[in-house]
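From first to last, the protein sequence lines stand for chains E and C. Under the working numbering, the residues of the first sequence are numbered 1 to 588, in order. Under the working numbering, the residues of the second sequence are numbered 589 to 979, in order.
Hints listed in this document are in silico derivations from the structure and should not be mistaken for laboratory results. Since the model is a prediction, treat every value here as computed from it, not as a measurement. Treat the hints with care, since some could be wrong.
Restricting the straight-line Cα-Cα distance to at most 20 Å, the calculated cross-link-like pairs of lysine to aspartate or glutamate (EDC-like) are [to be verified]: (1) E:258 with E:246; (2) E:419 with C:811; (3) E:475 with E:451; (4) C:971 with E:86; (5) E:410 with E:394; (6) E:419 with E:52; (7) E:148 with C:623; (8) E:148 with C:811; (9) E:518 with E:507; (10) E:518 with E:326; (11) E:363 with E:350; (12) E:233 with E:246; (13) E:410 with E:336; (14) E:148 with C:666; (15) E:389 with E:401.
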Amino acid sequence: MLACSITETTLQRENTAVVIEAVDKHFGNVQALRELNADIQYGRLTGLVGPDGAGKTTLMRIMTGLLAPNAGRVTVSGYDVVDDNDAIHVLTGYMPQRFGLYEDLSVMENMQLYAQLRSMDARYNNELFAELLDFTRLGSFTTRLAGKLSGGMKQKLGLACALMARPRVLLLDEPGVGVDPVSRQDLWRMVQALTDEGMAVVWSTAYLDEAERCESVLLLNRGQLLFEGPPQKLTAQLEGRSFRLENVGAERRTVLTKALDLPCVSDGVIQGAGVRVVLRDGAQPDDIQALADQAQVRLTAVPARFEDAFIDLLGGGPGGTSALAERLSPVELGSDIAVSCRNLTKRFGDFTATDNVTFDVHKGEVFGLLGPNGAGKSTTFKMLCGLLKPTSGEAQVVGHDLRRATGAAKSRLGYMAQKFSLYGLLSVRQNLEFSAGVYQLERSTRRERIDEMIDTFDLADWLSATPDSLPLGLKQRLALACSLMHRPPVLFLDEPTSGVDPITRREFWTHINGLARKGVTIMVTTHFMDEAEYCDRVAMLSRAQLIALDTPDALKQGAAGVDNPDPTMEDAFIHLVETADREMEARA
Amino acid sequence: MNSSSPQPGYNDKAAIQSGLRRFDLQRLRALVYKESLQALRDPSTLLIAFVLPVVLLLLFAYAVSLDAKNIRVGVVLESPGAEAQELAAAFSGTRFLDTHFVHDRREVVDQLVSGEVRGYVVIPQDFERRLTLRGSEPLVQIITDGSYPNTANYVENYARGVVQTWRAGLDVAAPPQAVALEPRFWFNPELESRRALIPGAIAIVMTIIGTMLTALVVAREWERGTMEAVLSTPASVAEILIGKLLPYFVLGMLSTLGAAALAVFVFDVPLQGSLATLLLLSAVFMVPALGQGLLISSLARNQFLAAQIALFTGFLPAFMLSGFLFEIDAMPASIRAITLLIPARYFVDSLKTVFLAGDIWAVFLPNLAAMAAIGAVFFIIAKRATRKNLE
Chain E
1 MLACSITETT
11 LQRENTAVVI
21 EAVDKHFGNV
31 QALRELNADI
41 QYGRLTGLVG
51 PDGAGKTTLM
61 RIMTGLLAPN
71 AGRVTVSGYD
81 VVDDNDAIHV
91 LTGYMPQRFG
101 LYEDLSVMEN
111 MQLYAQLRSM
121 DARYNNELFA
131 ELLDFTRLGS
141 FTTRLAGKLS
151 GGMKQKLGLA
161 CALMARPRVL
171 LLDEPGVGVD
181 PVSRQDLWRM
191 VQALTDEGMA
201 VVWSTAYLDE
211 AERCESVLLL
221 NRGQLLFEGP
231 PQKLTAQLEG
241 RSFRLENVGA
251 ERRTVLTKAL
261 DLPCVSDGVI
271 QGAGVRVVLR
281 DGAQPDDIQA
291 LADQAQVRLT
301 AVPARFEDAF
311 IDLLGGGPGG
321 TSALAERLSP
331 VELGSDIAVS
341 CRNLTKRFGD
351 FTATDNVTFD
361 VHKGEVFGLL
371 GPNGAGKSTT
381 FKMLCGLLKP
391 TSGEAQVVGH
401 DLRRATGAAK
411 SRLGYMAQKF
421 SLYGLLSVRQ
431 NLEFSAGVYQ
441 LERSTRRERI
451 DEMIDTFDLA
461 DWLSATPDSL
471 PLGLKQRLAL
481 ACSLMHRPPV
491 LFLDEPTSGV
501 DPITRREFWT
511 HINGLARKGV
521 TIMVTTHFMD
531 EAEYCDRVAM
541 LSRAQLIALD
551 TPDALKQGAA
561 GVDNPDPTME
571 DAFIHLVETA
581 DREMEARA
Chain C
589 MNSSSPQPGY
599 NDKAAIQSGL
609 RRFDLQRLRA
619 LVYKESLQAL
629 RDPSTLLIAF
639 VLPVVLLLLF
649 AYAVSLDAKN
659 IRVGVVLESP
669 GAEAQELAAA
679 FSGTRFLDTH
689 FVHDRREVVD
699 QLVSGEVRGY
709 VVIPQDFERR
719 LTLRGSEPLV
729 QIITDGSYPN
739 TANYVENYAR
749 GVVQTWRAGL
759 DVAAPPQAVA
769 LEPRFWFNPE
779 LESRRALIPG
789 AIAIVMTIIG
799 TMLTALVVAR
809 EWERGTMEAV
819 LSTPASVAEI
829 LIGKLLPYFV
839 LGMLSTLGAA
849 ALAVFVFDVP
859 LQGSLATLLL
869 LSAVFMVPAL
879 GQGLLISSLA
889 RNQFLAAQIA
899 LFTGFLPAFM
909 LSGFLFEIDA
919 MPASIRAITL
929 LIPARYFVDS
939 LKTVFLAGDI
949 WAVFLPNLAA
959 MAAIGAVFFI
969 IAKRATRKNL
979 E
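Same shape as in the complex, but just chain E (with noise of 0.2 Å):
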């Protein structure tokens, strides 16, 4: 016995790829990192999990070879990161965050150059070569530039290049990022051969669901370790908190909003035309059930999810009532139709990025806009606001048309971009003076709707701030200040929560919830299936294509099978991608 315990740590001991020990690392007065222990092991994916701002890519950084630690050391296959770094160079394989390809050198080019790099004999590069293309499904693109090439496909190719010489541990930071569903299955797919041929893959990610795919995870949240193990172990500490409110339907943002607003509720959140609650440590479901009972829905609990737990770890979730939508007043509008389009279609040259797209969207309804990168998404977003010119057909935003009456359409929509626009070189309040300005708001107007501004959203203590100086979720209320200063009826998100905590995302639905129930009418394009979830109805672009528009809970239903039941969002996103890819090439 005793025998066998020493081979077995030997082995554990053995077959540990990476020693983070007491790292301590800053930047001028912001402690990235503080008294940092993990191991990762080899033949393993290895989850480096935090909201934005955790230390994610300061770790990387470290393990590559690239920063210092102030403090602690850091070995990779036992070699020191700091004393050993040419040795670190070699044995890993890294892929930054917007993957380090030369977008005027072709696939190929890129391929070679990494290659040489990494000084590979020439003589085994064709082979390798192949495989790499063949494993990245590459292969016909060689010559193409790696700027032309999609989210996904640029991905795949940094993968490639980090992946020339074989390294013992491959890091990637972030690589789900701003990728679709059917990438990134692809990339898990990759992922998982690596592991099984022994390699250490550690991969960082905001995203949660990801997070749950790893078979362990480093948790990480304002530079602390907050768990290490396989993320069922931390799952399974909130089993029996989970519970689900069927079939809610049309009153489901009201009755989230009440749940929240429960002191035994944590975290909630709209689940296709249910709601997904998760209870407090200790707390009893009672008051829940008779929520369920009051809107005469049935509760079922339901297993925990790893995203669960993890805003339990950091507190809890925000309440349900959106101030900013408690102030508004309700939305009149003329018809019920917000928003429409007509056989939209806009094309590039020889390239068509939207194709004869139709579609209305109702007064006071969540839209979603969903699609793989390049199907069109943001081009038609772009027409649907004003910012695009359509080739062909029509698009209305409440009544007016936005190809004759540009200027009225856009006075009654406001706009949120990705990464929020904000003048970083102006205060906030600079800011807040500056959209209400630029929507030319009577002067008395502007004074009351900028001070009830910062009033609901607590802005006041950051007035003389740069936005660039804020925590994420304030300027994310911040944005959204700016886009509705001018009260439009309808709202254009884009991509509003990308590398956004789970926490302030929260708040931001919340937000978005009230302004629903007020009758605005939202428009939203996202990568995060969850907040497909929270729409009312999902279009979903293919190829420019317009392959499926539903409720979240009928797409869910057309994607199930024998062998998937209850499929999640994901599973119904890459269904009908790949089922439209198979009827283009029949018809093809």
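Given the structure of chain E, go ahead and fit chain C onto it with the hints provided.
Leaving out everything else, chain C in the frame of chain E:
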């Protein structure tokens, strides 16, 4: 676990050893190749390297002229006498002044104020009387526009010259002067500013390519995140930096050759020295130019900031303080001291010499030494600033 010992055969000691080699020609070659492809595919690079020089040279050849020719001056003829008429005729006979005659000075005063004339000469009423009275001293008044100091000087000197020549002509009877002064301008006999400007313009072009372009392309790598990826490979800082600079060095030299050909064959600027000397001078000037670009990019890791810094520390000094446009000897002592730190100063001086005078090594050697020394300082600071990590 899938396997207890990770991937047999991968990354054996030999692979690590080869990765550890500090300087590897294969990696350097790959980096140079990559950079060349990028430079060739980026239209803005080629624009800066080959179109900009042509535009600059054309500009300096035709649009900018420091020569004083056909300057409009007024001649106020207050005296009706024959001698006065003769003097006035002497003024109208020159090709450097564009004279026109009036009889009342009030007419030209307004023209001087409005800038229609740059000066005027008054031949007073008592001109003949004074001439006969004093015997030799004709009295004329010369008024010039002091807001254009160079032109004012020129008008004054030229007007004096005309008067003196005319005066000399009066004394034909007098014994000829013992010494006759006949001015000659060496190196640029026609005193054409184009000949002095065009060689200097090559220095400006080289500064743009060496400093601005280099600062931009390195900053671009930081901005796009490719620097991070390349730094994470076994490539060393020296390889990455040399791989970056070599293609731009070649580009700079090609651009110099092009500009020199243009200067000689299109703008008739003679190349008195040898081509080899010109290339040597250019090659050595690339050292401080590239070093400065590299230093800027290691301080500013975004293209906008890098362009601004390159403009203010590279382009503008090369333009204003190198002696290209404004003569260094005419600058105040404090500014003159600053010009000693500007590498373009030594290059402009050398270029003018090699084009207009010839291979004069007494001029080149100190200039080459100064450029190399400034370049070395830039490189040492840049190397320290670009460590192989991201802090």
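These are the hints, each one checked on the structure:
1. E:258 with E:246: 15 Å, holds
2. E:419 with C:811: 17 Å, holds
3. E:475 with E:451: The hint holds at about 17 Å.
4. C:971 with E:86: Holds, at roughly 18 Å.
5. E:410 with E:394: 15 Å, holds
6. E:419 with E:52: 13 Å, holds
7. E:148 with C:623: Measuring from Cα to Cα gives roughly 19 Å; hence the hint holds.
8. E:148 with C:811: Between residue 148 of chain E and residue 811 of chain C the Cα gap is close to 18 Å, so the pair holds against 20 Å.
9. E:518 with E:507: 17 Å, holds
10. E:518 with E:326: Holds - the C-alpha atoms of residue 326 of chain E and residue 518 of chain E are around 9 Å apart, at most 20 Å.
11. E:363 with E:350: Given pair residue 363 of chain E, residue 350 of chain E is violated - Cα atoms ~35 Å apart, limit 20 Å.
12. E:233 with E:246: 27 Å, violated
13. E:410 with E:336: 19 Å, holds
14. E:148 with C:666: 80 Å, violated
15. E:389 with E:401: Holds, at about 11 Å.
Hint compliance for this structure: hints 11, 12 and 14 are not met, and every other hint is.
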